[in-house]
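Participant: Assemble the whole structure, with the sequences as input and the hints as a guide.
Keeping their order, the protein sequence lines are chains A and B.
Last residue of the first sequence? That's 315 in our numbering, and every number before it is there in order.
Last residue of the second sequence? That's 536 in our numbering, and every number before it is there in order.
Bear in mind the hints are in silico, worked out from the structure with no lab data behind them.
Take the hints with a grain of salt, since some may be wrong.
The calculated SDA-like cross-link candidates involving lysine to any residue, where the alpha carbons are at most 25 Å apart (straight line), are [unchecked claim]:
1) K403/B x G212/A
2) K424/B x N71/A
3) K2/A x E392/B
4) K421/B x V45/A
5) K211/A x N364/B
Treat the numbers as computed from the prediction; the structure is a model and nothing was measured.
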Amino acid sequence: MKIILIILSLAIMAFAPFFGQIDISVQNLLDVSTTDYKIFFDLRVPRVLLAFFVGAILALSGLVFQTIFRNPMSTPFTLGVASGATLFTAIGIIIGLSAFISLFAFLGAVVTIIVLFMVSARFKTYETSSLLLVGIALSFFYSASLMIVFFLSDLQENYEIVRFTMGSLDVVGFNEVYLVTIAGIFLATLVKKQSYHIKLLLTSHEFAFLKGVNVKKTNYILLLSVSVAVGVSVSVTGPIGFVGLIIPHILKNIMRQSADKLIFPIFFYGGVFLVLCDVIARNLSTASDVPIGVITAFIGTPFFIYLIISRKSQS
Amino acid sequence: MLKIENYSSKILSDISLDIDNKNLIVLGANGAGKTTLAKVLSGVIVSDNIEFETPRTKYINYIPSFLEIFDDFLNVEEFLQLSHLYGKQTIDEVLHLLQIGHLKDKPCKNLSSGESQLLLIASSILHGAKYTILDEPTSNLDPKKVKMVYDILKDENLLQNRIIITHNLHLAYKLCYDVLYIEDGKISFLGTSEQFFSDENLNKVFDGSVKKIDENIVTAL
Chain A
1 MKIILIILSL AIMAFAPFFG QIDISVQNLL DVSTTDYKIF FDLRVPRVLL AFFVGAILAL
61 SGLVFQTIFR NPMSTPFTLG VASGATLFTA IGIIIGLSAF ISLFAFLGAV VTIIVLFMVS
121 ARFKTYETSS LLLVGIALSF FYSASLMIVF FLSDLQENYE IVRFTMGSLD VVGFNEVYLV
181 TIAGIFLATL VKKQSYHIKL LLTSHEFAFL KGVNVKKTNY ILLLSVSVAV GVSVSVTGPI
241 GFVGLIIPHI LKNIMRQSAD KLIFPIFFYG GVFLVLCDVI ARNLSTASDV PIGVITAFIG
301 TPFFIYLIIS RKSQS
Chain B
316 MLKIENYSSK ILSDISLDID NKNLIVLGAN GAGKTTLAKV LSGVIVSDNI EFETPRTKYI
376 NYIPSFLEIF DDFLNVEEFL QLSHLYGKQT IDEVLHLLQI GHLKDKPCKN LSSGESQLLL
436 IASSILHGAK YTILDEPTSN LDPKKVKMVY DILKDENLLQ NRIIITHNLH LAYKLCYDVL
496 YIEDGKISFL GTSEQFFSDE NLNKVFDGSV KKIDENIVTA L
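Facilitator: Laid out in structure tokens, this is it:
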């Protein structure tokens with residue numbers, strides 16, 4: 001089972017760059033001067049790599065959020081981080097700083113995570129659903145603010161904002177890919193380094209404290225690294241929801257092991273999942289690519305509802 | 316030495332306590348503040364009124380009355396590995412001692428309340444702190460298991476200094492530790508087992524609802 005999954009995933013990764021509106025002939029890849037070569041190496045390969053690392057970051061961030069906030073439904077996205085990034089980006093666009101979009105998205109993500117953490121520090125550990133409610137409230141607040149921004153924007157800016165909110169993996173060349181790759185590897189390394197503490201946090205904060213963990217410090221380290229990684233990835237691709245929700249949940253149920261052992265599997269399969277979603281997005285319509293955020297939301301929403309229902313029936 | 320001076324909070328008022336290398340039974344009505352006191356003594360509730368020897372983990376451990384686990388698949392063995400800090404016993408020895416060896420690979424979340432209580436006691440032995448506070452360690456156990464836990468608590472080699480919060484007066488009586496009685500957040504009695512379980516004192520504290528009959532403490536119904 002495990003080996004089949006790995007082989008299948010590697011196959012998806014290897015063949016993903018060949019799928020798209022323009023068919024690539026393998027022969028032409030040997031010739032640097034062909035259009036196929038350019039499409040393959042300047043567009044398709046960077047895109048697959050970007051999809052992989054963004055998916056990996058989002059999935060692992062989901063796991064970290066679920067551990068820290070002790071709720072299987074908390075991800076940077078369900079808690080309003082994506083909306084925060086989107087709002088800040090929209091503000092950046094209307095004040096004429098489109099060139100610094102990434103910085104604004106990043107700021108929006110970080111500000112939201114700081115707000116969430118400050119709020120969650122006031123809750124007792126068992127009040128985890130309160131934080132979800134705060135996340136929902138934040139999302140409403142952000143979308144209302146976004147409406148104001150829309151209202152103030154002209155047609156061109158309006159279009160730019162809408163495109164950003166859809167989420168997109170369009171890249172040319174490797175510059176942004178490098179950035180996201182570094183963020184992904186940074187996050188995976190750091191989370192792996194903290195895996196013993198994460199394992200202790202998976203019991204209870206009290207137990208972790210009594211075994212010598214500085215709970216606050218560990219939470220700060222993890223949340224800070226998630227903010228950086230998610231901030232970077234949102235700034236490049238826009239908000240792509242639900243990966244952080246679906247992947248940790250599915251892998252837990254397939255592998256049936258404590259979450260600290262799932263750090264690399266979640267990272268890897270999160271990446272593969274988004275690559276697969278992107279292949280679907282690029283091939284659904286002949287006219288243009290369906291935005292990736294739409295695909296993940298279409299898969300994710302029913303799954304999210306299923307998750308809520310099955311948890312209800314368990315308790 | 317476990318020492319706290321003039322500690323007050325919403326629940327506790329003016330608590331001063333000095334426990335030097337001995338065992339203690341903590342009694343008191345529901346809501347009197349026993350668990351809060353345990354959490355203050357173990358540092359879970361942060362307070363300036365208490366100083367810990369370092370490392371704190373080697374010095375004190377608190378075992379709650381319920382096992383709280385967030386992860387669905389963390390199993391018994393993994394939980395005990397996380398608990399194993401200073402205890403001299405191996406995990407298998409302790410599993411055998413508490414007769415829960417068959418649960419080794421079972422996720423902690425799927426344990427019954429009695430099984431999780433035994434797991435918590437196993438955890439306390441493996442932690443091996445100088446002072447261990449056990450919060451109602453027998454509340455979910457069948458009579459046979461209560462006897463087993465009693466024997467464990469009697470054994471000087473398993474846990475160093477034990478502070479036991481309980482409602483089981485008979486267990487408290489048979490353990491013969493010094494008794495601390497908390498009433499409305501205040502220490503209303505601190506003395507030897509003999510003093511506390513004298514007929515006169517029992518009558519005074521429990522208004523006749525508890526009686527000593529042939530060296531057994533029973534609830535008069």
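Participant: The structure should be examined with respect to each hint, and the outcome stated for every one.
Facilitator: Results of checking the hints against the structure:
1. Simply put, K403/B and G212/A have alpha-carbon atoms about 19 Å apart, close enough for the 25 Å limit, and the pair holds.
2. For the given pair, K424/B sits about 15 Å from N71/A by alpha-carbon distance, which is consistent with the 25 Å threshold.
3. At most 25 Å may separate the alpha-carbon atoms for a hinted pair to count; K2/A and E392/B meet this at roughly 24 Å.
4. Between the alpha carbons of K421/B and V45/A the distance comes to roughly 44 Å, so the proposed pair goes past 25 Å and is violated.
5. Simply put, K211/A and N364/B have alpha-carbon atoms about 21 Å apart, close enough for the 25 Å limit, and the pair holds.
Taken one by one, the earlier hints fail for this structure only at number 4.
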